[in-house]
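There are 2 protein chains.
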Amino acid sequence: MRYFHFCKLPGRVMGIRLLRFTSVVIIVLLLVAGALTALLPSIKDDKLPNLRREPKPQSQSALDSFTLIMQTYNRTDLLLKLLNHYQAIPNLHKVIVVWNNIGEKTPEEMWNSLGPHPVPVVFKVQSVNRMRNRLQNFPELETKAVLMMDDDTLVSAHDLAFAFSVWQQFPEHIVGFVPRKHISTPSGVYSYGSFELQNPGFGNGDQYSMVLIGAAFFHSGYLEDFQRQPEAVYALIDETQNCDDIAMNFLVAKHTGKPSGVFVKPVDIRNLEKDTNSGYSGMWHRAEHLLQRSYCVNKLVNIYDGMPLKYSNIMISQFGFPNYANHKNKM
Amino acid sequence: MRYFHFCKLPGRVMGIRLLRFTSVVIIVLLLVAGALTALLPSIKDDKLPNLRREPKPQSQSALDSFTLIMQTYNRTDLLLKLLNHYQAIPNLHKVIVVWNNIGEKTPEEMWNSLGPHPVPVVFKVQSVNRMRNRLQNFPELETKAVLMMDDDTLVSAHDLAFAFSVWQQFPEHIVGFVPRKHISTPSGVYSYGSFELQNPGFGNGDQYSMVLIGAAFFHSGYLEDFQRQPEAVYALIDETQNCDDIAMNFLVAKHTGKPSGVFVKPVDIRNLEKDTNSGYSGMWHRAEHLLQRSYCVNKLVNIYDGMPLKYSNIMISQFGFPNYANHKNKM
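In order, the protein sequence lines correspond to chains A and B.
Under the UniProt record's numbering, the final residue of the first sequence carries the number 331; numbering is consecutive throughout.
Under the UniProt record's numbering, the final residue of the second sequence carries the number 331; numbering is consecutive throughout.
Hints are supplied without guarantee of correctness; some may be wrong.
[Stated by the list, open to error] Below, simulated DSS-like cross-link-like pairs (lysine-lysine); rule was C-alpha separation at most 30 angstroms, straight line: (1) LYS258/B - LYS274/B; (2) LYS124/B - LYS81/B; (3) LYS299/B - LYS310/B; (4) LYS310/A - LYS258/B; (5) LYS105/B - LYS274/B; (6) LYS105/A - LYS94/A; (7) LYS258/B - LYS254/A; (8) LYS105/A - LYS254/A; (9) LYS258/A - LYS310/B; (10) LYS254/B - LYS274/B; (11) LYS274/A - LYS94/A; (12) LYS258/A - LYS124/B; (13) LYS105/B - LYS124/B; (14) LYS258/A - LYS254/B; (15) LYS81/B - LYS274/B.
Because the hints were derived from the structure by calculation, they are not lab data.
On a predicted model such as this, the values are computed, not experimentally measured, just so you know.
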């Protein structure tokens, strides 16, 4: 009996030690594994060095094509003209019309009655007439590439096809046809403008620091990013009904640390404003339009606590392409 | 005694189990650690996504500047003219003259007697007159960027300054002023040429698949890579005294998987050949010159077991730069 009693004791002691030792080793194992896992590159870094994750799972065609997003207000006749023009451009996947005519019926019925059409056209009826309505991350958007066009601007199919091929090589940039720039003044206040402005002491040629999204390709991931901006940015855009395109350039420049845009020299781009029967002329005719835009640049610098915009002097055109006779040179 | 004897036995057994268990856990620990470590990105992938390691440790100025490499044969008067022109271009770090006048004295003494000069000029006396002498990884080369110029070509300082800024944005490409292309024929044989050739069924505009290194910027790491090519490549270049530039485009296209070159539209580029007193005219005047180049393309496809060259239709020019009156458009 007694030695039985004795003999069981060491066994139990050993069992407890074994238990303790095991748990210690397992904890070490977990710690090491954890530490090493932390060193692994995140999938984001791996798969998309410069861009946020894809908005949605995408078909192959959705990768080789783009979605046209066009916001319209008070110019339905122009809208229909432009829809007829753009519905046949190469690589177009879908058209999303952002309908800012609050309370008005869309021309969807008439549009469908005149079908068939090459690609689907979706009318997104809005409840408030906001400039930034076009910058939503629309669920109907299935492509990586977005082509955003103002509802009064006509760009040739050739220019669009070439610019899309350029965007495919620079998917993290806004690739478009209308460059603009900011300049800094000795007072530290920024001014917004175009070729008429020049940074002091800058030499030959010109520079741009923005490419307007009213005639440009950009990655749909940036629409997602736009939903995560400071409230003050939305307030600024709504207050001015302006500057959503400047805000997008700030966003892209901050995201890439590079110039936000790549300027593709258009061969044929036209403003159709005068063709509308509504007599409505774009908001950029308002006396305060340009002043507002300089105001926005300075506001955005405050909101983002710095000036992310960078200058570029690269102008891309198609090698060996013979310019049209009716070439309209925006530069 | 007896129960002592009894009592030690279980203890020993426990000790052995403990030992076994420990070693098993340690092995598992090592395996997990090893597996996770294998998943870590290699430093190379991390630090230089697209380019081989730097040739040498570099000063800051060596990073913001470039080295001009000019090979000369039988046109010393032109060489001196070009040296005087290029020695004052912005961001020039050093000039390396590859002296292919075998047995002839270099003009170094005279050059120095007319000093001071803004940057050092190094004469590299060669023992054999070879086209590919200029493609050595010269120990005097301290910059990442190389500007290679033929000894009969004058490019404006403005064009060079702009092209250098473009190269800084595309350091893995050959950034230059003279685009060329290959075309494939139904027989499977490739042909070399310029704007006079067109791929069957290709639409608007033109394409290029090479940018010649006789007037171009490229990364000095590619000179290092050139030393590691198959012997057959050197044999082909020496046999023809031609095609070293085509070989470089193959090398870069293979390395990047992209088009080898980026074409910058020159505003003012001139050929000074007729200005030489030697009466010597460049090798590209030889009747067989172009035929040789098509021959080289097909040979290189065999050597590299495939056609790495890719097409681009991007032409870059400086935004807002007013073209010279004396603009000579190479396109």
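Hint check results:
Using a Cα cut-off of 30 angstroms, the hinted pair LYS258/B and LYS274/B is violated, with the two alpha carbons roughly 37 angstroms apart. Between LYS124/B and LYS81/B, the direct Cα distance comes to roughly 18 angstroms. Compliance with the 30 angstroms bound is thereby established for this hinted pair. Only pairs whose Cα atoms come within 30 angstroms are accepted, and LYS299/B paired with LYS310/B is accepted, the gap being roughly 17 angstroms. Using a Cα cut-off of 30 angstroms, the hinted pair LYS310/A and LYS258/B holds, with the two alpha carbons roughly 26 angstroms apart.
For the hint pairing LYS105/B with LYS274/B, the CA-to-CA distance comes to about 23 angstroms; that is within 30 angstroms, so the pair holds. Only pairs whose Cα atoms come within 30 angstroms are accepted, and LYS105/A paired with LYS94/A is accepted, the gap being roughly 21 angstroms. Taking the CA atoms of LYS258/B and LYS254/A, the gap is near 27 angstroms; set against the 30 angstroms cutoff, the hint holds. A distance of roughly 39 angstroms separates the Cα atoms of LYS105/A and LYS254/A; the hinted pair therefore is violated under the 30 angstroms criterion.
Taking the CA atoms of LYS258/A and LYS310/B, the gap is about 26 angstroms. The hint holds against a cut of 30 angstroms. Using a Cα cut-off of 30 angstroms, the hinted pair LYS254/B and LYS274/B is violated, with the two alpha carbons roughly 37 angstroms apart. Taken as a hint, the LYS274/A and LYS94/A pair is honoured in the structure, with Cα atoms around 27 angstroms apart against an allowance of 30 angstroms. Straight-line distance between C-alpha atoms of LYS258/A and LYS124/B comes to about 39 angstroms, which puts the hinted pair past the 30 angstroms bound.
Distance hint between LYS105/B and LYS124/B is fulfilled; the C-alpha atoms sit about 11 angstroms from each other, no more than 30 angstroms. Restraint check for LYS258/A and LYS254/B: satisfied, since their Cα atoms lie roughly 27 angstroms apart, inside the 30 angstroms limit. Taking the CA atoms of LYS81/B and LYS274/B, the gap is near 13 angstroms; set against the 30 angstroms cutoff, the hint holds.
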